[in-house]
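Participant: So you can see what is in the structure, the chains are spelled out below.
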Amino acid sequence: MTAHPILDSLWIIPLLPLLGSATNGLFGKNWPNATVNTVAVGSTGLSFLAALEAVREFFQLPADQIPFVKAFFTWIEAGKFRAGFDLQIDQLTVVMLLVVTGVGWLIHIYSTGYMAHEGGYYRFFSYLNLFMFFMLILVLAANYVLLFVGWEGVGLSSYLLIGFYFLKKSASDAGKKAFIVNRIGDFGFMLGMFLLFRTFGTLDFQTLFHNVAQQGWHREPWGVFGTMTIACLLLFMGATGKSAQLPLYVWLPDAMEGPTPVSALIHAATMVTAGVYVVARSHVLFSLSETALAVVAVVGCATAFFAATIGLVQTDIKRVLAYSTVSQLGYMFLACGVGAFSAGIFHLMTHAFFKALLFLAAGSVIHAMGGEQDMRRMGGLSGKIKYTYGTMLIATLAIAGIPPLAGFFSKDAILLGAFKMEGGHPLYAVGLLTALLTSFYMFRLIFLTFHGKARYDEHHVHVHESPWSMLGPLAALAALSVIGGWVAAPALWGGTDFFAKFLAPIFGSGEGAEALSEMAARNLEWTLAGVAIASALIGLVLAWWMYLVRPDQPGKLAKSLRPAYKTLLNKYWVDELYAAAVVKPLLWISRQVLWQGVDVGIIDGTVNGIAHGTAGVGDGVRYAQSGNTRSYAVWVVIGAIVILSIIFFWPGSHATMGMVR
Amino acid sequence: MLAGGHLLSVLVFFPAVGALALLILRGDDQVWLRRLAMTVATAEFILSLGLLWQGPAGASGYQREEFARWIVQPPISYHLGVDGISLFLVILTTFLTAISVLASWKSIEHRVKEFFVMLLMLEAGVIGVFLSLDMFLFFVFWEVMLIPMAFLIGIWGHERRVYAAVKFVLYTMTGSILMLVGIIWLYDKTGTFDLPAIHGMLQSGAIVLSPQAEMLLFLAFFLAFAIKVPLFPLHTWLPDAHVEAPTAGSVMLAGVLLKLGTYGMMRFCLPLFPDAAHRFAAPVAMLAIIGIIYGALVALVQPNLKKLVAYSSVSHLGFVVLGIFAFQQISMQGAVYQMLAHGISTGALFLLVGMLYDRRHTFEISEYGGLATPMPKLAAFFLFIALSSLGLPLLNGFVGEYLILLGTYLAHWQWSAWAATGVILSACYLLWSYQRVFFGEVTREKNKSLPDVSRREQWILATLSVVVLWMGIGSTYITRRTEASVGHVKAQMSRDWAREALRSTGTPACAAEAVTSLNPREQGCAPRALRAMVDPAQPGMAVLPKGMR
Amino acid sequence: MNGFPTTADIYRVLPELLWCGFGTLLMVLQPFVKGRKALTTFAFAGAALGTAATFSTGVHGGAGFYGLIQSDAFSVFFHLLIGGVACLVVLAAAPYLERERLESAEFYALVLFAAAGMGVLASAQELLTAFVGLEMSSISSYILAGYRRTSLKSSESAMKYFLLGSFATAFFLYGIALVYGATGTTVLEKMAGGAPNGQAILLKLGLSLVLIGIGFKAAVAPFQVWTPDVYEGAPTPVTALFSAGPKAAAFALLLRIFVTVPAATEFWFWAFWALAVLTMFAGNLGALAQSNVKRLLAYSSIAHAGYILVAFAAVTAMTQSGGGAGPAYAAVLFYLLGYALVKLGAFTIVSQLGGAGEKYLSLDDYAGLSQRQPFAAAALSLFLLSLLGLPVTAGFFGKLYIFKAAVNSHLIWLAVLMAINSVIGAYYYLRVIVVMYMREPAAEGAPMPMRLPLPVSAVLVVTAIGTIYFGLFPNQVLNFILKPNLLGALR
Amino acid sequence: MTPQLILFIVLAALSVVGALSLILQKHPIHSALSLIVVMVALAGLYLLMGAEFVAAVQIIVYGGAIMVLFVFVIMLLNAGAEEYTNFSKLAGFAGVPLGIALTGFIAAAIARSAGTAQVSGSAAVLAPTRTISEMIFKDFVYPFELTSFLILVAIMGAIVLAAHKEE
Amino acid sequence: MVPVNYYVILSAVLFGLGVIAFVVKRNIISIFMSIELMLNAVNLAFVAFSQGMGKLDGQVFVLFVIVVAAAEAAVGLGIIILIARNRQSLNVERVDLLKL
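Residue numbers (my numbering), protein chains in the order written: chain A, 1 to 661; chain B, 1001 to 1549; chain C, 2001 to 2491; chain D, 3001 to 3167; chain E, 4001 to 4100.
Isolated chain A (complex conformation):
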């Protein structure tokens, strides 16, 4: 019995969900829900426990054994290329592992309640477990190829889950869209891997990063497009696809077609953060290219603001959350971009808590409203579903960045990082503005949904609180959203800045750490924190004023700035733009030019043309065959003359001609 049984058989953690998925998928069709639950929730629960155990063992490992890499078997091998089924665990992985398994497990539990009355129950859980499997592969992978497996795999499961209600065209469209947009990102990701392999001859994290250190790559300054920059940008292209950043964010809002738990798990808590994870994982490379970092920061920042603006006017409760997710992901990238990786990961974690909570709560609301998702037909629910209301309020406070909840610390850390970075002030400003917008639209959501007078007809819709299977997870996540922040609370708030220290071995001794030392920094932090809180409060007040005090204001405002409003409402017409600029032309060209034109027209045309031509000549030859003996005789004479003239008048010694040596 080895010292750390689970670490030695790390594969057990991802394998459990896979088994669950297989079992449900193959045999679950005729099983009662209870059985399916046991399998699904059981398997994920077990893998959660396994993860906890693994983490416990991890903490006992001596520093020199970290990261702990375990090679299981070689998956692909050709020439000098080897991609193994190697799992590794280090601080970063630990964070992700806990988030994924924990939140995932909670959401499984929640789903048992939420999906209880849906068809294809077993199918749903099979997919959900499958997702868990791939997500765990993603975070545990010890090389880019295996990571890519998880990467594509989660894409697949999201495709399946978004299209879960496959009878609805919109659903299957959304699924397809998600997969294909992700593929576009993966295109870049693959090329990035290729370039890395070509440069360093390996794709294993440890060896690769080690080689980077070995070969002493100097940091490529801004504007230089060296190998490193290009590799990083290509990887980041993948990240933008997976984590719904500009310009590939379009799939995420549509992904809300899927069941709410899915939105919570995949499209808020875990999968969409994979991009951030990859960037953080490859920080060694990124930090060697200022350009790449800058791009990441700018894109993240822009996305954060952009999505937030759209979020302002959405009326579908889930879509608001979707855009907020996009926006928050932007934050994380901003963090990575400014080099505050640990802050990014920290926000990733907290966001997982409160955003999952938001979605689940929203789900509970929808559940209560009998499937209604439009906030304009809600209102005044606070009294009827107190429990849901409570949890959701906590989550909102958290995301809006009201201390001392989780969101505050993470967001504060990011803004701090942005501010500190040289030339980062514009980023900081935009970030701050975004924070204001965030708190505004979040509270808008709260007020529209739970306050004011009921805007739905009470006879048909009889609002009811959700079952405990759903409320339990809410409670758990609420708790996490409250206390989750303190693991990273800087000394400033009497915390130990544990998180940054914990991740220090990976990201280098954290940004915050040395900043603590002197006074100026401390004052700066105070001010920044104050500003942040202020902006959050402004947003809150604004929302309160517009939607509770003067409910007619929004309408007026919308009228007064109609164009802006329309633009936001239609999400800047990006989807339409893509359709008009890419999809339609592509289809047209393929159909009219390539298929009908080249294939049928030119190529087959030529071939058939030759055939017909030959046949035509054949007819000609036949007509020499007039059946008239006299003409035959003439033919013979002609032949005689031809032969004689060839033989007599052909120049020189002939045989040498017409030969190819």
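Keep in mind the hints are simulated off the structure, nothing from the lab.
Mixed in with the good hints, there may be bad ones.
What the hints assert, rightly or not - Not the full set, but computed from the structure, chain D residues with beta-carbon under 10 angstroms of chain C:
#, residue
1, I3009
2, K3138
3, L3150
4, L3152
5, M3156
To be verified - Subject to a maximum C-alpha distance of 25 angstroms in a straight line, what follows is the list of computed SDA-like cross-link-like pairs (lysine to any residue):
#, chain 1, residue 1, chain 2, residue 2
6, E, K4099, C, D2364
7, B, K1377, A, L26
8, E, K4099, D, L3090
9, D, K3138, C, D2364
10, A, K169, B, W1070
11, E, K4099, A, Y623
12, C, K2483, B, W1070
13, A, K29, B, S1449
14, D, K3026, E, R4087
15, D, K3089, D, A3101
16, E, K4055, C, G2067
17, A, K29, B, P1283
18, A, K168, B, P1374
19, E, K4055, D, Q3004
20, E, K4055, D, E3134
21, C, K2153, A, Y623
22, A, K556, A, N570
23, A, K168, B, K1377
24, C, K2153, E, K4055
25, D, K3026, A, G627
26, B, K1377, A, Y623
All values derive from a computational prediction rather than experimental measurement.
For each residue, glycine too, the CB sits at the ideal point set by N, CA and C.
Got chain A; can you put chains B, C, D and E on it based on the hints?
Facilitator: Chains B, C, D and E alone, transformed into the frame defined by chain A:
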């Protein structure tokens, strides 16, 4: 050991014997016809597995050879041999034949006897092509296998079957006759038809082909293979052939026959005419890339499901050709792997399409829709196979594509970049067609009551799915066996590769590295030599790693 | 003045003598013999005996009759070939004559005489003897072509064949006259030295006219015009004879002229080049649009003459560049062998399916043959594939050797043209196969005799087996025809 | 201008004229008669060359037997004057020119050959007939025997073809 | 004394006239006669050469030619009769059932 020292001959002729046995059977007794055919096919498959026990896995030469003089003048010998490249292709053939027999259990009613006879003859011919090491023998089998295939299309096909069959034969024949001229010309220069012997002479420089001659020879061979693959401008026979062919025919056609082309390129074009191969690498790769994108785009807009799959083959085979003509160990191994993977998954796709056809007698996508409701199992299988075909990791499609792209990238990043778009497009056409066929409400009355997969079909599909999964995870089992042989092919080119590199770049060190070591640091450099050779004005040196600047 | 011929001379021409003798006997016995079977047996016996007698010529190799004829491996090969053809034609014709109610005796006699004539051509070493042999085969052929007196087509084909045939013969003869004038002799070996200076041009002219005469017999474009008409009109077994026999004999003579008169090779290369290309295209293109099987096969036999000419071009090219042309001769011989087998088989089937009065010759009558006559259909497809030149058939090796000869003498472009032609050919051969296998029989499908008469099936079995056997194991034949001194050997 | 030459010119002219009239005559019978003229003229030329035997055979076999056969057949079929159809464009337009071209070709080639040998008119140079017969029965016995079979074939052919036979 | 070439050229002319006759005439019999004309031309050439070279075999050939001509005549006239009987016309141009 199975069948003593003559396993190869047994493999080649056992199906033919089975076919003769079938001929003896009474034509109307269909049950026994089917059973006998199935027995023969299965036995053949099991026999072919015997190859795996041969020799040291991936011994660079031929693991197992058989030799006998056949014709005195010109000296033509009966020379069979199997190496890592042909090994799995043979197994693939036997496997798919067995599957096809099973697949046409019900769907073939009239002239059952002839059908299975043709199928088995086809198998014999194809295996012969894969195993023969005597060019002449190779050509003989190459032509022989043509006829049964034409009959399969022409007799048991659909409406325009005759047109398709004739088109198929004429296309192939055009190429193969020129190849015959090439073979004879080569014989005229070397005095033998024996492939290893000719390799030896060319390697040792005993025979030196004039550039012009080598170019013509290369083209003569390449054209035949390119038509078979089919490479971009020569592909138009494929859609017709596929759409008209019966399911089993399509399976064999896509699964095995197309591979003959790529196999031929690896076996003949590259080792025999390295210089010409290098000279033509760029144009060929261009065609391959065009094929990848073009095939995918055309597939995207096909209203006919089977045609869609056919064009997807064009796209996938483009990857293989690209991998071969990147001249990288990795990419070439990827190419070999992709051949196998494509054989399985596209074969499976055709089976599925055939099953739909059996139920509704149409290939029009618009006729379907919402089939997931009446036939969930079929839908599940279809999705699984489609995913493997679009190269999802852990399924067979991924390994090949990834290796090809990776290897190609080492040599020519632009090629790889262009080709990689095919990965996006494949997702587009497969998922879109899948959505149109299986998702949504059932629109047509007829489709409401379609039966789900029968037990037999379920077994077929399950088997294939298992293989798909296994190939996706246990790829090393195959790649380790192909590695040495591929390396051998590459080694046979390297000599000239080095010369070319020297001539073009004049950086001996780099060129030498290019040949000797496969270390990726130099990997980047050899291609530069190569690229400089192909077209000196190649952009994109910027991304070359520092190590080389 | 020489002494009288020796018995060895008699042995050397034994086959011809036997054939002529049996021919005469047939005519003499005819009134007394009742029943066709006996006549058939007798004729077959005669043909077979003559073929067997080739052995004696082999034993007594060398020049005979003061160098008028030459018996060597070459002539042996052709005697065997021609004799075999005669035997098979006799067999194939038996049921046909019965069906058409035509006299057997004369028919067989004529076949035997024709065979004798061809035999003379194959071994003739002197032009006038060759001429007599040629006339012997031709005149018998004219008669055979018109053998179905009552049929318009038959008589017409006889007329055309006769008129044009004698027209060409006149050219041939005039050529001989000029050659004689140039060299003072008609014995090929004596011409080997070429003509005295000043007369060279006469020799050139004479040989060209000779070539024209032979080209006509061998259906070489542009002298091929008669072929389709005559082949279509003549009774099908006769067509079989035409396509197999005279062509072989004519090419034999041509070849012999080449080998023994080097003067000939010098200036004929381009003539052959052009004729080959012309003939291939004329045949294949003409065949494309044919709907009458007999006619289609006629065109195809033109095309094949073209392929053989490719080998001749190779011969000339090689003998020019001093290389041994042996393989090229071998190509011609082997090709003729495979070709004769195949054409015999094919026409036999056609004659069988033609039905009384040769009603069913159009392609549509063959629709769905595979169901009604599986054996015949299979055999016919085998023959067609052999004509197409697919492996494991004799036709393939024939084509292969010609390709090889062409490539050996660096006539790559000629080879490529030949390749293109093979593809064109593939199209119409496949058309027949497609019709037989892939088209359902017409509703009022031509009534087919459900079982083939014994002699016919015998012919088919022999030809089919031969086609495959020589396609798999050409060795013996090759060993035989690849003798370093194929001509003038056995001396 | 030796008498032989004059005689030659006369006979040559006669033969050519005969040949031309063979072409120009509409009625087969006239053509036949003009052909006979040609043959007689040729016989004369043979005599001029001193080949009496051949000349005799020419007159007897050709003039006598073959041409009589022709005339007989013409009578039998009482063939009228030929109708001048012109179905064959090729022959109609190209026939004569091409024929002339061919003639010119051959004649030119012969003229260019250095055949300066003189034909001695005196028949006494060699006693041909005996020698001829010896050659026929010794040197050329084989073709000679073959011709006998040839005749046989011809006879049979004539019978087979012309024989009335109603079934 | 007449040079051989005169005779040979004359034969060439006659041969050519024969060819022309063959092409020009419509009546089968006449056409056949033109063939005979060509054969005669050949004979003339043979005799001329043989006399020119003082070799006799040329004249032997002439005899063979004549014999063969006779044989041809028999068969040919037989065929002509056949044609005349089958279709009441001797016009060669009307005998074109077999074509294309």
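Participant: Each hint needs a verdict: does it hold in this structure or not?
Facilitator: Tested hints:
1. I3009: violated (21 angstroms)
2. K3138: holds (6 angstroms)
3. L3150: At 5 angstroms from the nearest chain C Cβ, D/L3150 passes the 10 angstroms test, so the hint holds.
4. L3152: holds (7 angstroms)
5. M3156: With Cβ-Cβ at 6 angstroms, under 10 angstroms, it holds.
6. E/K4099 - C/D2364: holds (19 angstroms)
7. B/K1377 - A/L26: This hinted pair holds, its Cα atoms lying about 10 angstroms apart.
8. E/K4099 - D/L3090: holds (15 angstroms)
9. D/K3138 - C/D2364: Not satisfied, since the Cα-Cα distance of roughly 58 angstroms exceeds 25 angstroms.
10. A/K169 - B/W1070: violated (65 angstroms)
11. E/K4099 - A/Y623: Between E/K4099 and A/Y623 the Cα gap is close to 8 angstroms, so the pair holds against 25 angstroms.
12. C/K2483 - B/W1070: holds (19 angstroms)
13. A/K29 - B/S1449: holds (20 angstroms)
14. D/K3026 - E/R4087: Between D/K3026 and E/R4087 the Cα gap is close to 21 angstroms, so the pair holds against 25 angstroms.
15. D/K3089 - D/A3101: The given pair, whose Cα atoms are some 18 angstroms apart, holds under the 25 angstroms limit.
16. E/K4055 - C/G2067: holds (18 angstroms)
17. A/K29 - B/P1283: Judged against 25 angstroms, a Cα distance of about 53 angstroms means the pair is violated.
18. A/K168 - B/P1374: Holds, at about 16 angstroms.
19. E/K4055 - D/Q3004: Holds, because 21 angstroms separates the two Cα atoms, which is no more than 25 angstroms.
20. E/K4055 - D/E3134: Roughly 13 angstroms separates the two Cα atoms, so the pair holds.
21. C/K2153 - A/Y623: holds (19 angstroms)
22. A/K556 - A/N570: holds (18 angstroms)
23. A/K168 - B/K1377: holds (20 angstroms)
24. C/K2153 - E/K4055: Violated. C/K2153 to E/K4055 sits at ~47 angstroms, over the 25 angstroms cutoff.
25. D/K3026 - A/G627: holds (24 angstroms)
26. B/K1377 - A/Y623: violated (62 angstroms)
Hint violations for this structure: numbers 1, 9, 10, 17, 24, 26, all remaining hints satisfied.
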